[in-house]
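Visitor: Given the coordinates of chain A, assemble chain B onto it according to the supplied hints.
The residues making up each chain are set out below.
Number of protein chains: 2
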Amino acid sequence: MQKIERPKSKQFMPEDAKRVFKGVVFDVYQWDQELFDGSKTTFEKIKRADTVVVIPILDDGRLLLTEQEQPGKEPFVGLPGGRVEEGEDVLETARRELLEETSYEASEYILWEAQQPVSKIDWAVYIFIGKGLRKVNSVNPDKGERNLLKPVTFDEFLDIAYTKEFDYTEVAIKLLEAKLNPAKREELRKLFSPK
Amino acid sequence: MQKIERPKSKQFMPEDAKRVFKGVVFDVYQWDQELFDGSKTTFEKIKRADTVVVIPILDDGRLLLTEQEQPGKEPFVGLPGGRVEEGEDVLETARRELLEETSYEASEYILWEAQQPVSKIDWAVYIFIGKGLRKVNSVNPDKGERNLLKPVTFDEFLDIAYTKEFDYTEVAIKLLEAKLNPAKREELRKLFSPK
Numbered sequence: 001m002q003k004i005e006r007p008k009s010k011q012f013m014p015e016d017a018k019r020v021f022k023g024v025v026f027d028v029y030q031w032d033q034e035l036f037d038g039s040k041t042t043f044e045k046i047k048r049a050d051t052v053v054v055i056p057i058l059d060d061g062r063l064l065l066t067e068q069e070q071p072g073k074e075p076f077v078g079l080p081g082g083r084v085e086e087g088e089d090v091l092e093t094a095r096r097e098l099l100e101e102t103s104y105e106a107s108e109y110i111l112w113e114a115q116q117p118v119s120k121i122d123w124a125v126y127i128f129i130g131k132g133l134r135k136v137n138s139v140n141p142d143k144g145e146r147n148l149l150k151p152v153t154f155d156e157f158l159d160i161a162y163t164k165e166f167d168y169t170e171v172a173i174k175l176l177e178a179k180l181n182p183a184k185r186e187e188l189r190k191l192f193s194p195k
Numbered sequence: 001m002q003k004i005e006r007p008k009s010k011q012f013m014p015e016d017a018k019r020v021f022k023g024v025v026f027d028v029y030q031w032d033q034e035l036f037d038g039s040k041t042t043f044e045k046i047k048r049a050d051t052v053v054v055i056p057i058l059d060d061g062r063l064l065l066t067e068q069e070q071p072g073k074e075p076f077v078g079l080p081g082g083r084v085e086e087g088e089d090v091l092e093t094a095r096r097e098l099l100e101e102t103s104y105e106a107s108e109y110i111l112w113e114a115q116q117p118v119s120k121i122d123w124a125v126y127i128f129i130g131k132g133l134r135k136v137n138s139v140n141p142d143k144g145e146r147n148l149l150k151p152v153t154f155d156e157f158l159d160i161a162y163t164k165e166f167d168y169t170e171v172a173i174k175l176l177e178a179k180l181n182p183a184k185r186e187e188l189r190k191l192f193s194p195k
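In order, the protein sequence lines correspond to chains A and B. According to our numbering, the first sequence is numbered sequentially starting from 1. According to our numbering, the second sequence is numbered sequentially starting from 1.
Chain A extracted, bound-state conformation (with noise of 0.2 Å):
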């Protein structure tokens, strides 16, 4: 497995920046900042745990999306993942929201895409594609989730990138990408075949 290095933010906060609030999900931080003609403003930017996707790649070569149920959330169709605990590594977080989300391990992750989607939240997303699936219990999800198990083809899944219910714009645009250009969509296909 490779090293795993944290994305970088688009917007740079400096290390001494203070926290100013501490919610359950969200930290809100603050610093003062120079602007171009040497004034100085406040600058503000969240921090929330990391998360992790896991795109699992069965052995008939499916990919295993869910369609989840979150409280106060229309039903979307999704891939299994959640946040990084605290003391936990990003391939810990992998395996375990892997498990209780759809009851498989796999034998293999490889890192696709890791980076820092909005630059005023210092958040970092990793998508992991997951190979060599083994079923091993039942589902047993977090309370605040329900989870269906929803198998589909590879291009299926770039037809995915297109409806309002996906959530995830880091992938669908990659998705995209691989419809427009065929050398791409072929690459990517054999990235996401099984082991």
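Hints are computed from structural coordinates only; laboratory data are not their basis.
For identical chains, the list gives no copy identity; a pair is met inside one copy or between any two copies.
Below 25 Å or equal to it, Euclidean Cα-Cα: the simulated DMTMM-like pairs (lysine to aspartate or glutamate) are: (1) LYS22 - GLU44; (2) LYS73 - ASP32; (3) LYS40 - GLU69; (4) LYS131 - GLU186; (5) LYS10 - GLU156; (6) LYS73 - GLU34; (7) LYS73 - ASP122; (8) LYS179 - ASP159; (9) LYS174 - ASP155; (10) LYS8 - GLU74; (11) LYS10 - ASP167; (12) LYS10 - GLU100; (13) LYS10 - GLU170; (14) LYS190 - GLU113; (15) LYS10 - GLU69; (16) LYS3 - GLU113; (17) LYS10 - GLU74.
Guide: Frame of chain A, contents of chain B only:
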């Protein structure tokens, strides 16, 4: 001009959610959320000022992008726009930001898209197309920004969706869809043509 409704968030926040922090950019709200098993937990959501983006169409058919530099951020190819100030309606924001960042006024604004891109942030983004442009004075940007104007053709604009520095994911997805689908592309070309 059509009446502009504020788009709904993908994640519901009750009316009586309590503001627990007020920052310079972000406010934090909390509420008790009942889970599927009947137990309760604290949910948290961020509020920030809505923002407006303008896609200005020059009379020669080119689109007026900007190359922006903001303190603590890599320079990026962007579009005029900014946050809705207290008491302003979104169309006023569009007019003000277009003028401040490009020195142009538009005689017509078409709302192309309005959405809340991040489910855990109460934050709406309105994307306008501005036509009938007229130069009115020299650029007088926000002290926190430096802008260069960068006119591009419609086809160049579609290609910019790919680049890492283009910071509008929601726009990028629509441009990629237009590249994929010739009917959508021609529809968009027409929408983006001068008055």
